[in-house]
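> Listed below are the residues making up each chain.
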Amino acid sequence: MPHGHRQGHRMGSKYPPSMRGCLPLWTLVLEVALIVIFFFFTSSDTSSQDPKKLMGNFRVLQDVTIMVALGFGFLNSSLRRYGWSSVAFNLFLLALGVQWAVLMDGFLERPFRKKVVIKLSSIKLATMSAMSVVISAGAVLGKANLLQLTLMTLVEVTVFVTMRMIDRQYLSMDDHVSMMHIHVFATYFGLMVAWFLSRCLNERVTEEKNQTAKSSSLFTMLGTLFLWIFWPSFNSALLDIPKERKNAVFNTYYALAASAVTAISVSALTHPQGKINMTHIHNAVLAGGVAVGPSCHLIASPWLAMLLGFMAGLISIWGALCLPEYFNHVLGIHDTCGVHYTFGFPGLLGGIAYILLIIYEVSWTKQSMIGYQLFIGIGTLSLAMASGLIAGVLTGLVLNLKICKGPHAAKYFDDQVFWEFPHLAIGF
Amino acid sequence: MPHGHRQGHRMGSKYPPSMRGCLPLWTLVLEVALIVIFFFFTSSDTSSQDPKKLMGNFRVLQDVTIMVALGFGFLNSSLRRYGWSSVAFNLFLLALGVQWAVLMDGFLERPFRKKVVIKLSSIKLATMSAMSVVISAGAVLGKANLLQLTLMTLVEVTVFVTMRMIDRQYLSMDDHVSMMHIHVFATYFGLMVAWFLSRCLNERVTEEKNQTAKSSSLFTMLGTLFLWIFWPSFNSALLDIPKERKNAVFNTYYALAASAVTAISVSALTHPQGKINMTHIHNAVLAGGVAVGPSCHLIASPWLAMLLGFMAGLISIWGALCLPEYFNHVLGIHDTCGVHYTFGFPGLLGGIAYILLIIYEVSWTKQSMIGYQLFIGIGTLSLAMASGLIAGVLTGLVLNLKICKGPHAAKYFDDQVFWEFPHLAIGF
Amino acid sequence: MPHGHRQGHRMGSKYPPSMRGCLPLWTLVLEVALIVIFFFFTSSDTSSQDPKKLMGNFRVLQDVTIMVALGFGFLNSSLRRYGWSSVAFNLFLLALGVQWAVLMDGFLERPFRKKVVIKLSSIKLATMSAMSVVISAGAVLGKANLLQLTLMTLVEVTVFVTMRMIDRQYLSMDDHVSMMHIHVFATYFGLMVAWFLSRCLNERVTEEKNQTAKSSSLFTMLGTLFLWIFWPSFNSALLDIPKERKNAVFNTYYALAASAVTAISVSALTHPQGKINMTHIHNAVLAGGVAVGPSCHLIASPWLAMLLGFMAGLISIWGALCLPEYFNHVLGIHDTCGVHYTFGFPGLLGGIAYILLIIYEVSWTKQSMIGYQLFIGIGTLSLAMASGLIAGVLTGLVLNLKICKGPHAAKYFDDQVFWEFPHLAIGF
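If you read the protein sequences in the order shown, they are chains A, B and C.
Position in the first sequence (from 1) plus 63 gives the number in the numbering used here.
Position in the second sequence (from 1) plus 63 gives the number in the numbering used here.
Position in the third sequence (from 1) plus 63 gives the number in the numbering used here.
Just so you know, not all the hints are guaranteed correct.
Identical copies carry no separate label here, and so any pair may be met within one copy or between two of them.
[Stated by the list, open to error] Computed list of lysine-lysine pairs in DSS-like fashion (alpha-carbon distance at most 30 Å, straight line): (1) K178 to K306; (2) K306 to K177; (3) K182 to K115; (4) K178 to K115.
Derived by calculation from the structure, the hints in this document are not laboratory data.
Remember, predicted model here, so these are calculated numbers, not experimental data.
Assemble the whole structure, with the sequences as input and the hints as a guide.
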């Protein structure tokens, strides 16, 4: 141990002391500040709750935590030299995001109370809000240091919670649906931040470091499988009516099954030798769950969910084939983990499917409402996209300031900037 | 990304374009056909269900999905050059198998209805039926392409669901017990298919590629542990009476504990230097759960479950030591992941234990029934074995047809036939 | 397979046949003995239980099993040449410990019954008791063979269950709190055993073999994340009152979030270049859950739990920085996985926090009780520590006997002593 320590010391000196001093102190101060805020402004829930419902909430909280900590943590771990940072930073973002989201949720609740009352369902909600940060981090990963990610977390959670409050208060939108717009919001937020951070990216360096390693790919597959398995829990987490809950579980399961089969087939179909691309699989098998999200409690027969999953798989693979070229070279946005086609496109597809489904349903009952429903549906979806884009641009501007001491572009995607290695071997 | 793409292109051309065009199109067409069938022949369950029972069913479904997707996915990932295919093809088989099994279950139900009504418990059942495919795939893995595996899935699920229908309708067999014969059925199905595919297997190539890598072994251990932890859920999934359910969980847990201790001890005992063989561990720690399956709800005291676990561990290790030599050289059946001694032998042991237990119980109450019970017990077990063998032979014949364009024997156990690699490194 | 077998044979002969014959036979005999004891002295629970409570107990049992089998299994897998042993021996210890703990729990229960009645909650309790062995094994790992670990399991579980019985009977201590002292007990037990086994440890060899590999570190992270996610389940497992249960889940979650943020920040803060040490992360993110354990059902507002988590993170990192040097060189205790600062210090902090909290609460209601509460609180904590130390010394003495044929110090931390390798490659 002491030997390794000394070695890390010597090695480290070759790298710029980019975050020396500044970063860790700030996050520590932030943690202390959070404890003080919790001390003054929160109180625990003292109402006696139904024990059955309590355990139900606890189970869902556990499932969502598994998704965020294990699923997303390992989903992004396939970068050759960046596996450690992906998993550990992901846990950091989750732990920080949950604490912040509970506070934000409480402060923005109406009617405003002097003290925020924290229930088990608040933590569930906060974990889901924190997921927005983890999704965005997929686009930014490897290009930001811990201080930048911390700032991003604070801004993104605040904006996301505010957006959901507006949905609820002024557009009288369902809690479940506004949460399902998380994918669209987080994607465009992450892409905008990535745009600012990938300005001076050297293409050659990126490609060399961006490679996936064989064993890491199995870790990524592990993350994908965790997300695949627990996605029905996520999509039904905010639904209280048993029938809607059942429908949500059902349809999510079918959409995921259809998109898994589609993704593997199409990935082979688009390759000249019929070979499958592992990265496609990681991204596209989840597309079905994303796409069916907003409408999963309304769909009455499985074929519709399967159709959505099928289309989501197609769109996701299409995105993975065509987008990177265009985005990297023309726009200069480097999307590390392909967030745009994993969550962005399927999320948009899901939003549109929800609007169509609502209009179809309303057209059978009260035709006069169509216009209003159309307005609300398009409104919330655009709000999610717009707030993601605008907040992303602002955050990107802030993160690019010299004060953040971001890592030099040549050090992007490199665990060594952040981690003390006990020995010199970098790869394996 | 584009660089890697081009490279994969160049590399791929060295390999025979075995599945070019044909394969992915077929699976895509199949998925579309499934959506159309679901559109015409299924309807969702509209009855208002007890929310408590609903969540219980959902939890069990989740546990079984974890077992199939994560457990079996990683259990077979220890092959040195075949880790990617094992995990990804496993997910493909699960996603496809579930969709097909739900349809088959519905069509074969009596009284026959015009539209299949899909409940949450149908998906649970379908996932368990899909497990038969994943078990068989353990014997076939590395020797079949995706089209062959797809065909195998369709045939195996159909035969398995039909077999269970016959058990229920004509032999008035318990649903739980007939499901527990899945191990025997799937093993002999898989072995027969493997027999046809391993005809022209070059021994030297196999051995070199069949090696396990150190880090993959940890992935396999991960799969084993997932199966170990969730096996009690699987064995109690179809039991509704709380007392039986409790017994099942209990006894499975004890049998697994006993077989884990036995497996590790015996593996060391049979080695001249007292060393443990990792492959033995992967296989034998699960044997207890398999063996206790059919009788787990009947066993009244833990010692019997432990005894079964103990014997299963012994049999499984004995199989792993003696069988491969004989099967590989004399019969020419190459069992990639040792399905025969992991699931086959312990499954047979479990079937026999169930028959003995039923006879013992009946002999105390109504002695006249012994003959009938003996007939039923032996009947279902033989049915499982026979239908597995026959269906396996037929499937093997079909898969060997030129139309399937199976991979050349020299390319067996090689990820490179199926996957586009972003860089040239094959091993790690 | 046969080829690999022969090769392992040749290779193995270079190593001392330390456990030839003796070890595996003993563990097999032990397993048979356990079955016989279960046959004569136990009976299954025949009372009809509430199915809802049954499933609740089953879920908690499953969560705890995940923690012990997956969490602890992979937490200790980061040693470069010792990954296989860590995970597989961990499963062995769990399977053996559970069987033994159920018996011990039953025999020590008052009023004494002729036959031990085993309930689902007994297995839950036994799994938690078996956790003590797995924690201690973290300090001993790499320095003991399977026979030594088996002996350790039997002694440690017996002492731990006895200690809990004394807490319950003579100090009328809460079941939950006395279980939470498991961390302190297991740490000092493990350290004492490690002290005896690391006598003749060659420093240079240790350091070389003690290194962590990159991909193993991700496995360790996997273990850490499993523990992180399921820790709230563990801390609330023995609480029956819904309100206390809710508080426990709540506070554990907050403490874990705070300690995760703190650990990552402080680890970077203490490094001259602001780099994070992966080993610190593995250890310190869990400290919050350990520290909040004994008092988690009493804490009324989240800030207190967060403060405990914050302090636990600080203490844990401080320990990781300062202790190894001192313990290794001065005392000669080699703590393989840093059990002392992962579980020992935070456990002590938690014990002290519980005493302070109880005194604070009592001082508001009945001031006359303060002295008594102080005595009970300090008494149980010291009892845990003392019994750990004494039992550890005795066990260490026994394990050092020639009869155990422990591995030679030069072979410490080496998978090759215990495992048959199919090929020669040791590292990766």
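> Against each hint, give a clear statement of whether it holds in the structure.
Against the structure, the hints come out as follows:
1. When the C-alpha separation of K178 and K306 is checked against a cutoff of 30 Å, the pair qualifies only between copies, where the shortest distance is 20 Å, while the shortest distance within a copy is 35 Å.
2. Within a single copy, K306 and K177 get their C-alpha atoms only as close as 36 Å, which misses the 30 Å cut-off; across copies the closest is 23 Å, which meets it.
3. In this assembly of identical chains, the alpha carbons of K182 and K115 lie at most 30 Å apart whether taken from the same copy (15 Å) or from different copies (22 Å).
4. When the C-alpha separation of K178 and K115 is checked against a cutoff of 30 Å, the pair qualifies only within one copy, where the shortest distance is 27 Å, while the shortest distance between copies is 34 Å.
In this structure, every one of the numbered hints holds.
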